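> For reference, the chains in residue letters:
2 protein chains.
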Amino acid sequence: MVKATYGRAVGNTCPLFPLADCLVGETTCDGRKKMYELLAREKPMHVMDLPQKPEEQAAEEHWTAEVRKLGSFLEEQLHTEITEENLRRAIKQLNAGRAILSEIHRCRRHHPVPIMGVDLVGLTTSFGYCVDRDDYHNKLRGLLAELQRRIKEKEWACSLDRPRILWTGLGNSLGCDKVLKLVEECGGVVVCQEGCGGITRIEDPVDEEIDPYQALAERYLRVTCSCMTPNTRRFEDIDRLITEYRIDGVIDLTWQFCHTFNIESYRVGELVKGKHGLPFLHVVTDYSKSDVGQLRVRIEGFLEQITLGRRRS
Amino acid sequence: MVKATYGRAVGNTCPLFPLADCLVGETTCDGRKKMYELLAREKPMHVMDLPQKPEEQAAEEHWTAEVRKLGSFLEEQLHTEITEENLRRAIKQLNAGRAILSEIHRCRRHHPVPIMGVDLVGLTTSFGYCVDRDDYHNKLRGLLAELQRRIKEKEWACSLDRPRILWTGLGNSLGCDKVLKLVEECGGVVVCQEGCGGITRIEDPVDEEIDPYQALAERYLRVTCSCMTPNTRRFEDIDRLITEYRIDGVIDLTWQFCHTFNIESYRVGELVKGKHGLPFLHVVTDYSKSDVGQLRVRIEGFLEQITLGRRRS
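As you go down the protein sequences, you meet chains P and L in turn. Its first residue numbered 1, the first sequence is counted upward by one per residue in this note's numbering. Its first residue numbered 1001, the second sequence is counted upward by one per residue in this note's numbering.
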C-alpha cells in the first residue's frame, strides 16, 4: 500500500493524484506515517494522530478533536464552510450507499453463492470510481437486484462443493488480486472478506443521531486495522463471520512489510484453528507476479486439505 | 529490538526477564506494539498509548494522562504507593546521573577524543547493570574524572587524522556493536551517537520544578524516536551535533524492518549532504554476522571518501 501510493503518486501513474487539492493521512502504521512526510512535499497535507488503543475513553476524546481539526483544515484548503447540516446530509448519503453494499455482500451468505469473489471485487472496484453518488447508488442497487434475482431463481455462480473461503488481512489494491484469483482458479470461492476493504469496513454505519463530528470520530475509531492494539473487535468480527458465511477455511493475506497484520496473523490462526477447527493459511506476498506459481501450489494444497477434511468427517 | 526482546524473553536467554514482576510498553512502532500483545501472555503488561505528533498541545494532554495511568498500574502491581515526594526524589536522582553521563559524552567534543567510541559504549553498558544508583553514580564520576585527566594531560585515544563520525539512527543492543567496531577498526572514530541510546536521550533532563507526572510526560514526549512525525526535533539535534562534535561524516544505522528510521534516513541524508556537505552512509543490517565482510568494504570506502575530501579542500 505504502509503496503503491507513494510510487504511483510521484511516478505520475496514479490517475487521482493530480486531481487532488490536498491530502489527508493518519498515523495508522509506521510505513504510512513516514511516507506521508515525503508525500507532503507534493501537496498540502494534513496528518491525523490516530490513537492506537481504541478501547480507552481518552482515545475517543483525542480522536474527536483530531476529526474537528481535519474539518478546519479542509475548510481552509478548499475555501468552503462545513456546516453541521452538510455533514449530516453527507453522513446519511454515505450510510445509504454502505447499506446497499452491505446487502450485496450478505447475498454471499447463500450456499452456493450468486457471484464469485473475483467478479464482485471487480464490479465494486469499478463502481468506486463514480464521483456522482446517485449514479453510484443506482449501480449498487442494480447489482443487488441482480443478485437477489439469481438467489430466487437458484442461479448459482459455482457448484455446491467449492470450499467457502474467508479472506482476511490486507485488501485488494488495483491490479493486486493475485491471491483472490488463485483461490477461485484452484477450485475455492471467496465468499467473504474481512480486513482492509472488507465487509466490516462497510456494514457499521456512522451514527446519524448524534453530533456529526462525534459520530465520525466514533465510527472511524472502530476501524479494526491491525495498527490498533489489542484490536479485540477484529477477532470478534472474524469469529462471527466464520459462522455467518459458513466458512470452510481462512486465508490471511499480508502484504510484505506490513508488520501489524503479519504479527496479528499469529492470533488469527489461533482463533481459526483453535476455536473453529478450520484450516488456516497465512500468505505473505507483494505486488509482483514472481511467486504466483509457488502460491498456486500452496493454495491448491490448502483447498485439498479442506476437501479431505470434509470426506473424513 | 523486537526480535531480540521477544526472542530472549520467551527463549529464556534474557537475564532480566525472569526478575520482572510486570512489563511496561508503549505504542512507539508497529513491531513493538504488536509484539507486546504476545509478550503480555508471559507477565502482567501495561501498554501506554504514545501520541505520534508530539508538537500538538492535545498530544501532551493525552500523554500526561497515560503517564498517570502507568503510575496507577505500577502501584497496583507492585503493592506500593507512588507519592509526589518519592517521584520528585527519583527524578532528581536520575537527572543527576544523566548530568554526569552527559558530561562524559561531551568530553568527546575534544579533538582528538580521550576515549574511543567502542570503549565508552562498553563501559557505559556495563555500568548500566548497576542496580544501586549511588554505586552507578560513583562509577560514572570515576570515568568522568579519568577523561578530564586525559584531556588535561593531552592523553588522546587516537591520532589527529581519524575521521570523526556521528553515529545516528538505531542504537547498540547487547552484542550488536558490529558497525561501531567496524568504523573504529577501519580507521574512524565514533565521537557522538544520536538516536536510540544516544546523547539526546541523556542530556535533556526532566523538569524538577513542576508536577512530577507532568514533567515526566513532557520529557518523554520529547523523545526523538522516528516513530514521531514529522520528528522535527531530531533534525535540529543532528544539525547541532554535527557542529558541536566537529563531525566529518555521518553513519545512519537501521536495524532491518525498522520502517521509521529506514524511511527517515532519506531526510537525514538530505540534511547531512545538503546543508553540511558531509559524506553520509546509510547501513541497513540485522544482528547476524553474515554481512560483516560486506559492511567492512562499505565503511572503508566511506572513510576513504572523507580522507580524500579533506585532501582536496
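The hints are simulated quantities; they were obtained by calculation from the structure and are not laboratory data. Check before you lean on any hint, since a few could be wrong.
SDA-like, lysine to any residue: derived pairs with alpha carbons at most 25 angstroms apart [to be verified]:
| hint | chain 1 | residue 1 | chain 2 | residue 2 |
| --- | --- | --- | --- | --- |
| 1 | L | K1053 | L | E1304 |
| 2 | L | K1053 | P | H276 |
| 3 | L | K1069 | P | T28 |
| 4 | L | K1053 | P | D21 |
| 5 | P | K43 | L | L1278 |
| 6 | L | K1069 | P | E218 |
This structure is a prediction, so every number in the text was calculated from the model and none was measured.
> Which hint numbers doesn't this structure obey?
1, 2 and 5
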